[in-house]
Amino acid sequence: MTIMRIIIPRFVMLFFVVFGVAVITFIISHLIPGDPARMIAGDRASAETLMSVRRDLGLDRPVWDQFAIYVSNLLHGDLGTSLRTRRSVAGDIATFLPATMELGAISLILSIVIGIPLGVASAIYKDGPIDQVARTISVCGISMPVFWFALVLVLLFYAKLHILPGSGRIDMGIALPTRITGFFLIDSLLEGRMDAFWSSVRHLILPSAVLAFANLGVITRQIRASMLDVLQEDYIRTARASGLRRRVIIFNHALRNALIPSITLLGLALGDLLYGAVLTETVFAWPGMGTYVVTSIQTLDFPAIMGFTVVASIGYVLINLIVDIAYMFADPQIREIG
Amino acid sequence: MVFAHWKKLGLALLVTSSLTQTAWAASDVLVLSRAEDAPTADPGVEISNSGYTFIYAAYEHLVAYKGATTEVVPELAESWSVDDTNTVWTFKLAQGHKFDDGTPVDAAAVKFSFDRAMKLKAGPSDAFPVLKEVQVVDPGTVKFILSSQFAPFLSTMAVSGAAIINPKVMEHEKDGDMAKAWLAEHTAGSGAYKITSWERNQSVVLDRNEHYAGSTPALKQIVVRTVGEISARRLQLVNGDADIIEQVPVDQAAALKGDPNIVVESNPSLYVNYVYMNNKRPPLDDARVRQAISYAVDYKGIVDGIMQGQAEQMRGAVPDGMWAHDPNGFQYSYDVEKAKALLKEAGKSDIHLTYTFSQADTAWEPVGLALQANLADIGIKLDLQAVADTTKREMAASGNYDLAPGAWTPDFADPYMFMNYWFDPDRMGGPGNRAFYNNPKVAGLVREAASIIDQPKREQLYLEAQKLSTQDAPYLYLMQKNDIFARRAVVKGYVYNPMLIQVYNFATMSKSE
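So the sequence lines, in the order shown, correspond to chains A and B.
Using full-length UniProt numbering, the first residue of the first sequence is number 1, and each one after it goes up by one.
Using full-length UniProt numbering, the first residue of the second sequence is number 1, and each one after it goes up by one.
Just so you know, these hints were derived from the structure itself, not from any lab.
Be careful, since some hints might not be right.
As the list claims (entries may be wrong) - Simulated restraints, written as ranges between beta carbons of each label pair: (1) G173/A to Y494/B: 21 to 29 Å; (2) P145/A to K220/B: 49 to 57 Å; (3) K119/B to I24/A: 36 to 44 Å.
To be verified - Reference excerpt, derived from the structure (chain A facing chain B, CB under 10 Å, subset only): (4) I40; (5) A159; (6) V283.
Positions of the beta carbon are idealized from the N, C-alpha and C atoms, including for glycine.
Excised from the complex, chain A in its bound form:
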């Protein structure tokens, strides 16, 4: 019951958020001086050719007509056609988004699996050697430019040691797994194609390590700080006094409470992953959303830019929703009040 009270208003809100985002993106992208027809027909196209291209793309209509058409298509689930590639924007997003999501998911898992234990350990052994090592890792992760770190890894593991591939999602010569989810790891397993699976795993290692590393620092520091806070609390002292085992105190009592602020952080980290993915995707020639969005912006490909922002805003609303629900499970107080 309480869950529904959170979910339903969010879905109502989702509609307004998407509409608002569509309006704002539309206005901004149409305010930028520049003519997509000139990008498509060529810089030196004659006035007549430009007119013909504009007509073909519907850019000759008044701006508000264009917007009305866009919104009405959007309501029908049609994101339009990319001006540059002439393909459907929904199709383009369906092609590129899973690549980015797969990379993001793996790196998020990596940063959680490593970051949480590391944070806990450095809180327990505060100022000890583990804490010092964890601090160094965090500082490096937070301050090292993603781009540079990515290049260093490529240089080391691909160019010098020859043990990992430096670019792409899968080896050339291995047929792509049949598209079911768009996640190569899942699709190749569903098909039972172990060659494709292992090739995808090997291609994921370096880019996800780069992305995870940046997040790892933040997560470790956050967990460490909240663990230190929690360990000072009265109820921990009470638990200790009542003779509970150290492991039970740390994992059942302290960590559970220390995780609450980190949930928000993970929600934000997902956003950062998308941003970091733009750079990482460039270095690793990862065919994801990052490259697609940047090229679309450069060529003023309105439908592609808007399609992406709409999908991204839906993503953000859903992530926020998940964060809130996760809160409920982690924090009984919210469950009761909510």
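Fit chain B to the given chain A structure using the hints.
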């Protein structure tokens, strides 16, 4: 025990890695890595060189550039003639050319291809401004009827947009799009290769066209990969995972030169970098001010410093390598005193200008900084304004700028591409005359040169027009750049043609150790 499992897994990963790498050293597969995926491979739509790579590999034209020259020779046409009015061109088609489905190339296909381009009326159609009609005389003969004389007509038959398409593509037409959606990622030509797969932003695979009329190419397959970052492309080349890499900046080219397995191809191109000077806007409406700016620039500093010598200073509008280039033409030199004297003569002081540029060409920003320093020496204050490329194009097209850098390459092999585009007042703004230059005498000369067929006479007219326009200094002529890419030394048989940047003669190339 658990540890042993992991060791096994690691070993398995290593083994797969080495296996896949050797598999790709195949000598009949050529891998090319470039910064960005081509927008489309549709001859009727595409205007970027990254798309031409596929169009020239998969389609044939009536005529083709001869080797490394800008002359044309027969390809699908075996001969041609023109009537006395120079407006009716008749082409006889050669026998034996077939599309990739085995259908013979005939006059109807030629008509279809041009009708389609003219109906789509996208960028490529601009190369055929006076094409009135294409007529099928018989299956082996086709006639082009022009509305007026157009001297470069024959060379326009070799451009990407003049590719001959199999009319059967209309089976893929959707909502009256002339098969545009399908042809964006597929090919239907009679060239040596055809596209067999296109994974967006990953790779495009070309396989041999079984019905190709020429001799069977040594390369069975071409893979064009998208790898955005130059460092990554460079590592692929060095490791042998790529045979050719494109978009190699001059500093990277210099670093690659030491490797015996790598050849850096650096060839003089027809790609020029110049700066539009807004002739409509005071004080740039005074030719003396434009001349002063032209004298104030340290050209050698730009060529050696920014381009590391991979360019040469322009001499007039028509670049070296195109006919009607004037090797003895006037060239502005770096002469600060003369520049100051010209400004004084013009009675202009306290000049404040803006240089509007984008990052579309990596040289534009450093060039702007160099100009800023050079112009400061003669008392001109130059502000640098960085904008998005679409914005820059729009500002240049509407004349809303003082100085703006430009890059230009010819679409067809004729000085018309420079002279008539840059100097004809009818083409002011986006189409080409971005300096908004208007000298009726020059306009008369270039128009006359475009209307006659006699090449020596045309050359005289263009030389005269160049002389006059260079004196007026409507543009700041900077440099003619080299086309640079790198290949592995095992790649043999590449022929550079300045009209075909990013286009390769795959059919006659090979890989041999």
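Results for each hint:
1. G173/A to Y494/B: 21 to 29 Å: Taking Cβ atoms as reference, G173/A and Y494/B lie about 24 Å apart, which means the hint holds.
2. P145/A to K220/B: 49 to 57 Å: violated (42 Å)
3. K119/B to I24/A: 36 to 44 Å: The hinted range 36 to 44 Å holds for K119/B and I24/A, with Cβ atoms some 38 Å apart.
4. I40: holds (7 Å)
5. A159: Cβ of A159/A sits 5 Å from chain B, so the hint holds.
6. V283: holds (5 Å)
Checked against the numbered hints above, the structure breaks only hint 2 and satisfies the rest.
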